[in-house]
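Chemist: Respectively, the protein sequence lines represent chains A and B. Numbering-wise, the first sequence is residues 0 to 496 according to numbering that gives the first Met the number 0. Numbering-wise, the second sequence is residues 0 to 496 according to numbering that gives the first Met the number 0.
Treat each hint with caution, since some may be false.
You can't tell identical chains apart in this list, so a pair holds if it fits in one copy or across any two.
Stated by the list, open to error - Straight-line Cα separation of at most 30 Å, DSS-like style, residue types lysine-lysine; simulated pairs: (1) 33 to 248; (2) 57 to 193; (3) 397 to 322; (4) 397 to 296; (5) 475 to 279; (6) 27 to 454; (7) 301 to 313; (8) 475 to 47.
Keep in mind that the hints were calculated from the coordinates and are not lab data.
There are 2 protein chains.
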Amino acid sequence: MIEEPVGEDTGTVDQLMKNALSAFGAYKKISPVKRAGFLESIAAEIEKIKDRLVILAKEETHLPEARLYGEIARTSGQLRLFAALLKEGSWVEAVIDTSDPQRTPPKPDIRKMLVPVGPVIVFGASNFPFAFSTAGGDTASALAAGCSVVIKGHSAHAQTSSLVYAAIRAAIDLTGMPAYTVQHVLGSGATTGKELVQHPFSSAVGFTGSFTGGRALMGYSNQREIPIPVFAEMSSINPVVLFPDSLEKNGASLASALIASITLGVGQFCTNPGILLGIKGDALTAFTNVMAREIQKTIPQKMLHSGIHSSYTKGIAEMLGQKGLSVIGQSGESAGSLEGLPVVAKVSGNDFLKNDHFAEEVFGPFSLLVECQDKAQLIAVLRHLKGQLTTTLMATEKDIREFGDVIELQQGLAGRIILNNVPTGVEVCAAMVHGGPYPATSDARFTSVGTSAVKRWVRPVSFQNFSDSMLPEALKNDNPSGIMRIVNNIHTRAALH
Amino acid sequence: MIEEPVGEDTGTVDQLMKNALSAFGAYKKISPVKRAGFLESIAAEIEKIKDRLVILAKEETHLPEARLYGEIARTSGQLRLFAALLKEGSWVEAVIDTSDPQRTPPKPDIRKMLVPVGPVIVFGASNFPFAFSTAGGDTASALAAGCSVVIKGHSAHAQTSSLVYAAIRAAIDLTGMPAYTVQHVLGSGATTGKELVQHPFSSAVGFTGSFTGGRALMGYSNQREIPIPVFAEMSSINPVVLFPDSLEKNGASLASALIASITLGVGQFCTNPGILLGIKGDALTAFTNVMAREIQKTIPQKMLHSGIHSSYTKGIAEMLGQKGLSVIGQSGESAGSLEGLPVVAKVSGNDFLKNDHFAEEVFGPFSLLVECQDKAQLIAVLRHLKGQLTTTLMATEKDIREFGDVIELQQGLAGRIILNNVPTGVEVCAAMVHGGPYPATSDARFTSVGTSAVKRWVRPVSFQNFSDSMLPEALKNDNPSGIMRIVNNIHTRAALH
């Protein structure tokens, strides 16, 4: 049992990174099955102290208990999912092209697989004290890949972060991992964070947070002599298109579902539906009226920390001050200290297209309905939007038949396209893409949620003309783990003979 | 039959990119099998005019006929390899997680696959007028992915580039592809190239060339409002480590093979072995003596163009002027106009470590032997090197047993690790990684040669809760093309039921 948070690793960034590099050298050689055991052990150690973690996190983040217990379950589930991925083993993308000595010129034997890149810097996110923080998806996927990790804990939940780190340390000891496989520091993003990203031993960066924060990290990397990949999940307003037939048939239930999604977790989700698009008409008016009634019933709740709260208050005030905007409705109760007031507003498509501010993210329980004149304007509004994590179609079969061009446009906009579900709720699974075109993320080619998140921390290496004994296990002739490989362009789990 | 080169597309960069975007909209919807037919048609059209292409290219690049015919075969082979990849279809990485409505909360159906990113800018390379130029690997892989392509032809072989483009245009007509699926411009990299990379409709960039050129393109992208991926293959000296037992047993044949590799194609290959590392001793001295004898027999040949020739002449002069360097030998004939003089030189490990200039690439028939004091210094020299495309081990079983730490270090250095083969000769196959840590390339996670090169032009998209009829073919329940998919974490070609 863990008695006290280990807290923060001390020492300079240079010392931390030297430790991380030396741990990487040892950790990358540990077998995938043992790495899986380490991930499972972290999950178990976190679960052992979940009650203490929830007490701390509730104090630090103002998130309700049920959500925090749920998030811990998600976090340990994520760690176990990566453990299962390691045990199965095929994720390394082993590809083998055997030799042909008779060919002119002779064809060499070439085999490739993914290998870990080196020490990874993970920034804890404020809005998910567990699932996107210290032992969250970035750390779990980097450890699965075979990388050592240095975590910059988020100051808004420093105690929680330190206690989660204590669980990781316990798992390191229990499973005999190299001492510095994971390290944890607090401190400022602009100083400590920058130093970490710019240290020559850092190989990649994982971040979930604001556009400003993500852009800063991208800049730090670009200033390096050797730039490194920065995976920043930054900003998204997750457009929801309300198609006419769907509005007509399901308007009231859509309004209720969307108000619930907009205000879930005080709107502090990356996939919060921040913008709703519809075509003017009676059905949209009826939908708006239900939204007004539903938002009135919501209750303001405390936001994560004073920084987010003041950003929200400022963001709402700025948004409401834009020409053409009118409020549809807001919570019937006024907001107390640190509380975010749920608000929905609307603007015409004409006004939206004239003012880029309407497409800015207001992080919190706010959403903007854009009333488009017609289909042409709906298309113009969609074209006006930047890259997104998600986009949703609320559409019937009839809508789908009639609005193929709109739907195609939506598919170019985001990493996840959703039909008749709300965008909040990001399933942790192999098929998930939690990513999307810039500025939703810094790199649309990767996801930060689901098993494919491991692909952020690896690069492919070819081995040419190696003898079997020198090859990594995944590339050996007899395929000891029975992983799926591509051998001479054929998918197979068979051994080579 | 094509009678005249179509030459260059005219019009502003803005017009070209508008055409490219509109072509992308149509081309991405064309079935993979039809795209495969298009690639095969390009290959056939190129082969039809291969004699004319060789005459032009010989004139423009000074490369010998046999090499040019070989390169055309490589180019058409590459196009057919991508066609085969499209017909097989599994490359889209289809992943399906089916729904579980009984779970709390209900688990949605989520399916993902790779989709093309948009118009791609391809820069022709000077050193491969066919295989890395107009219809080379970048173009072939981007077209395979479903992207439209705008080619910036290399001015050093503008006529050849234009004639290859004529073959592509013929294939566009023959197979009924959208008119602007491929476009071709000449002009300067610093003006036209920059404009292309910075146009808002450009989605990604492929480049093979100098470090300076690649860095410039990376900078152009970073200046964009929305940065785009730049895949630049830039600079590599491809370290070859000559282990003691191998030197002792095979020194003479190694020296001959390496001199042949160093001078192949006047040393104008990205994988030219520009640096050789060995430990001081009689075997290394004997090896050096054979090198001196072998290089003496080589004949200076014309380099690709005057720019490369003057860079080589300047680079050699600068390198030979460095303190501590001594010449091992050079061609017995003096170099004529535009010819590159083959030279090998040596330096002690001590001097190498004192002067970063020794690790710079001299593009041409030059290589530098670093004589290390002992194993510790060999390790120090390897640690001193930047990221590479390849690194080679010339090693016996005994060397491999004794130098595990050196070999491990080499594996962290490059995209391809070669045992007892020369690094020149890049096999076009699924297992090839022609890439490597910066500054060898801008992005070590990808390859520019082999079928995986297609992965540079795509991003994953998830479809949540889509009905079967709305899903792309690769994600439909009945798996009409029978591709390999991951369904609920199991690899399978089976349909869903």
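Chemist: Compare the structure with each hint and give your call.
Modeler: Cross-check of the supplied hints:
{"no.": "1", "hint": "33 to 248", "result": "neither (54 Å within a copy, 40 Å between copies)"}
{"no.": "2", "hint": "57 to 193", "result": "within (29 Å within a copy, 51 Å between copies)"}
{"no.": "3", "hint": "397 to 322", "result": "neither (35 Å within a copy, 78 Å between copies)"}
{"no.": "4", "hint": "397 to 296", "result": "neither (33 Å within a copy, 77 Å between copies)"}
{"no.": "5", "hint": "475 to 279", "result": "neither (63 Å within a copy, 34 Å between copies)"}
{"no.": "6", "hint": "27 to 454", "result": "both (15 Å within a copy, 25 Å between copies)"}
{"no.": "7", "hint": "301 to 313", "result": "within (16 Å within a copy, 67 Å between copies)"}
{"no.": "8", "hint": "475 to 47", "result": "neither (39 Å within a copy, 42 Å between copies)"}
Against the hints set out earlier in the document, violations occur for numbers 1, 3, 4, 5, 8.
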